[in-house]
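Novice: Quick note, the sequences are listed as chains F and W, same order. 307 is the number that our numbering gives to position 307 of the first sequence; each next residue is one higher, with no gaps. 291 is the number that our numbering gives to position 291 of the second sequence; each next residue is one higher, with no gaps.
If you're looking for bench data, these hints aren't it; they were derived computationally from the structure. Just so you know, these numbers come straight off a predicted model, no measurement behind them. Any given hint could be a false lead.
[What the hints assert, rightly or not] EDC-like cross-link-like pairs, simulated, lysine to aspartate or glutamate; straight-line CA separation at most 16 Å: (1) W:Lys-233 x W:Asp-156; (2) F:Lys-198 x F:Glu-30; (3) F:Lys-43 x F:Asp-192; (4) W:Lys-159 x F:Asp-306; (5) F:Lys-303 x W:Asp-156; (6) F:Lys-43 x F:Glu-188.
[To be verified] For the chain F half of the interface with chain W, some residues (derived, Cβ under 7 Å), not all of them: (7) Ser-39; (8) Val-61; (9) Thr-98; (10) Tyr-105; (11) Arg-142; (12) Leu-146; (13) Gly-315.
[Unchecked claim] Reference listing, derived: stretches of chain F covered by chain W, where coverage requires no fewer than 3 residues with Cβ under 8 Å from a Cβ of chain W: (14) 16 to 28; (15) 70 to 83; (16) 89 to 96; (17) 204 to 216; (18) 321 to 330.
The beta carbon of each residue, even a glycine, is placed where N, CA and C say it ideally should be.
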Amino acid sequence: MLYVVISFLFLAIVLYFLLGGADFGAGIIELFTSEKNKSNTRKTMYQAIGPIWEANHMWLVIAVVIMFVGFPVIYSDMCTYLHIPLLIMLMGITARGTAFAFRSYDAIKGEKTQNLYNHVFVYSSFITPLFLGIIAGSAISRQIDLHPASFAAGYIFSWLNYFSVAVGLFTVALSGYLAAIYLIGEAEDDRDAKRFIKKARLMNIMALLFGGLVFIAAELENIRLAHWIFGNPVSLVAVIAATISLVMLWVLIGRGKKKIIRVFAGFQVTMILLAVGYMHFPYFIMIKGGHNLNLMQLHANAKTIDDLGWALFIGSFLILPSLYYLYYSFQTSPNHD
Amino acid sequence: MAISLGFHIIYSCIGMVMPFFMAVSHFKWIKTGEPVYKNITQAWSKGVAIFFATGAVSGTILSFELGLLWPKFMEHAGPIFGMPFSLEGVAFFIEAIALGFFLYGWNKFNKWFHWFTGLIVGVSGIISGILVVSANSWMNNPSGFNYLNGQYSNIDPIKAMFNGSWFSEALHMTIAAFAATGFAVAGIHALMIARRKNVVFHTKAFKIAIIFGAVAAILQPFSGDISAKNVYKTQPAKLGAMEAYYHTQAYSPLVIGGIPDTAAKKVNYGIEIPGLLSFLVHDNFKEQVNGLDKIPVNDQPNVTVTHLAFELMIAIGSAMMLLGVIYFVAIWKKKSWLLRNWFLKLFIIATPLGFIAVEAGWTVTEVGRQPWIIQGIMRTSQAVTPMPGIHYSFYLFTAVYFVLSIAVIFLLSRQIKMVPELYDR
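Next up, chain W with everything else stripped away, as it sits in the complex:
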């Protein structure tokens, strides 16, 4: 399941963000009439079609997988946190309809109607994404029901959907999707510019993608701060594991890097900055932050994995923010940088970074919640299917996603290879 979601998260990020890139270049084409923008739109739309088809089937798999792997979890949780899924079904449906119009509607409809259908693909994609993340946030911050002696009562699915964590998680994920997709797309175009292939085409495409990516990367730390404060309030064990913060103290230090040693309850090779964790959580340097020592050991997640994933996410996020700043410096002050090889190389290297950060962040939120599948209510071990041999299904799902990903990469590389033939007229 985790692996399926890990793949799905990439498909869906690209599927929900790319339509906005397309909408921008489509808009420019309608406004300026420059054919290069039409070519970019069409080239991207083929990428979106590939990702949407894959994302749609992988979404269908997931909706079943919830039941196939976690029937006991769904039996109890379905009615409570299912509301965002049913609305997501609607949004997804609209996205599929709009995509049909958009992909097959060239020269068929009024051009603004056609443009609008493309925009709807993106908007309903974002809405779908937010709804699904809201379902996930409920697992982190369950609300909308009473729980007594193993019984769920007083269920209110709307309250569950708007639980205390939905906003911070949805904001963080949406911005992450823009940053990761923006950098990934820009990186591929940067590679083509560096190879001096169809430079006009790729430069314009690069610009649209990187502006989205850079703005998102610069905004992301603020949403990260909102998220971290919320995590501390609702899941102190997760925050403790993220920061590998074992011992409760005033002037709580922030540990940067380092490898946690769970047995000795300390972090080796890390850099400690006293007071900074207090500041991040409480907005002052003194107030004590509760650490892992306040949490029973068998309710703690794996600190090493959570901490390292968290550090990786932060490191990449900072690098991307820096690249975003470099890009804006380049367009405002140093236009000559834009075609320099070192400049392009930076962005080429950054191609996969955003998605690595997304996966790391996903690891933080999921591993950081363990041993719970519903924080404080149901343990993951209680949720799994009673059917024997379930690990074979698990291997099968993993294999399917693996094959799909290879196929998608293969097809995209062929799309990119064909850019000169298809669009260089």
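Looking at chain F on its own, in the form it has when it is part of the complex:
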């Protein structure tokens, strides 16, 4: 059952990166859209993510719940030493979600208030995945010190280092990229679709650049990232698969294959996460000095893990079909209310 619970944990994390990421990405796209196209982008976005954004963010809640029920010690350390970035990410999630809801449900569409919602929405859409990436980066950067000499060493430099920030920027670019790919299929007309294709290409190049930066930062911080990834076959295959799907995507993106490119983009990001996740498994958080937090050891008692596994099983039978139907229902035809 422990493996079931761990699989669900990774599944929730991957889905949050994909769906939540695409969701944040929509805001990032809006941030980098010229003034004259903004209202079009917003309209497409409202129809594309309006019905699903709240469900997308539930994966984070699921991941957190699995963490604190199944792996309380890891969760507790994470919350203590990554307190500040978690806090900023939470503020981002809050600002973003409410701004998105408020801008569509404010009964009086005043220019000033709408402007305020828009600003809050786009900037928090940028900051949240940045810090999500920083947290992910910090988990593998070996900078978390369980016996810190000072406040800064324990609670600031645990996450404020070149590597974590590079991962953060990489996450932002990936989010924008996922969103652009998603929005291509939701565009109202060809002109909009072309705009999103351009954005997708731009974001993809950004992601490659920041990806490169991650490797450079890893070298600077003495993190043997390249060695880990290329040193084990699963991660290596995952990286190769991601690269192939990237090439496929560039070939297909111009040919109007709207659905299939989503699969490729999602696959690509999943492979990146798999490569990183697998190379560290069963370690979840890497600690300075090597007492890494191990999922196979620091789990809750067997009865709790069993019950949690069953709860997740039953839950997924309820959630997955209805979630699928939700995406399916709101996918192609816009709602004419």
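Fit chain W to the known structure of chain F by using the hints.
Specialist: Relative to chain F, chain W alone:
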């Protein structure tokens, strides 16, 4: 944390109860075809969307806050009382999916399917609420594990979830949510009727909301009685503080009102009714109820705060029950009252009362448990994060909730203002 929860409790009450109001008016629209019901449903659904978005993010904050502020508590308690949270995650997820269908599904689906998704929003909301309250009740009545020399063993999360207090607390909270939301919504519509704005719209909306609210307010004392008996069994210190009952005696008196004086162990200005506390706890007037003198002083909560919050809750609860009765008298015997200004004014004044009572009740259960975070097992002071400067996080959370609440009130007032333009066709 307490403040975050204090705000969250309001968002979630409204988020779990409003869908039922919507379902009723939606049902009436499908059955009668009267457009006013569709308008009410849509107007309410916008309120629900605002509250759900706020409630969802505040719920996400809370799930992290547990770890951010109380990592030591979560480290031990997570595996034991986490089960309701994981199920709540599922229920919450389903609620979000159903809400997506409902809000964006007008004219898109079979109308009964659409109606059903709205109902699911409410049902999964209620289930979420019950699960979260069950987690809280575990802190009051910890079970499902053995505790020896600081070690937790033999953990059974299912037993922990169905601890001896979950039912009474969940029942009390669910009814409270209906009463508070019913009166709050009805009060706003009453205000609009009093101003003679869109009277048909607001009268129908008022009626749906107040029936839920009134029925709940009339039922609440019974669940309160179940709760009080359970509290005495499991947390005598809390009951003692609620009633400001210092000295163990036969024919135990119930104190109404009054300001407790902890140093002198007496209540000033209160009215004592001999035997009534015995009756409430033991169902007879004679049997002795154990008081605060049976509890070591450093295991006692703050009596003044707990007692006053409790009295406030009882006072408001009684007033709401009375209003509920007045409403039923009005619809059965005195139809003319319904549009009278004094009648409407009563309900306008009652708008915030339910939520004040909810907050007071929350204060009773949380302050009344102190100094424990897990009754009898772990003290609150042992649970807090070791990170220095934690109070800044605390201020930040408080500020966030404050801003959110202002934003929500602002948006709702604008929704209400726009009712004539949007729905008066």
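Novice: Hints first: check each against the structure and report whether it holds.
Specialist: Against the structure, the hints come out as follows:
no.	hint	result
1	W:Lys-233 x W:Asp-156	22 Å, violated
2	F:Lys-198 x F:Glu-30	13 Å, holds
3	F:Lys-43 x F:Asp-192	11 Å, holds
4	W:Lys-159 x F:Asp-306	14 Å, holds
5	F:Lys-303 x W:Asp-156	6 Å, holds
6	F:Lys-43 x F:Glu-188	9 Å, holds
7	Ser-39	20 Å, violated
8	Val-61	5 Å, holds
9	Thr-98	6 Å, holds
10	Tyr-105	5 Å, holds
11	Arg-142	20 Å, violated
12	Leu-146	11 Å, violated
13	Gly-315	4 Å, holds
14	16 to 28	violated (count 0)
15	70 to 83	holds (count 10)
16	89 to 96	holds (count 4)
17	204 to 216	violated (count 0)
18	321 to 330	holds (count 5)
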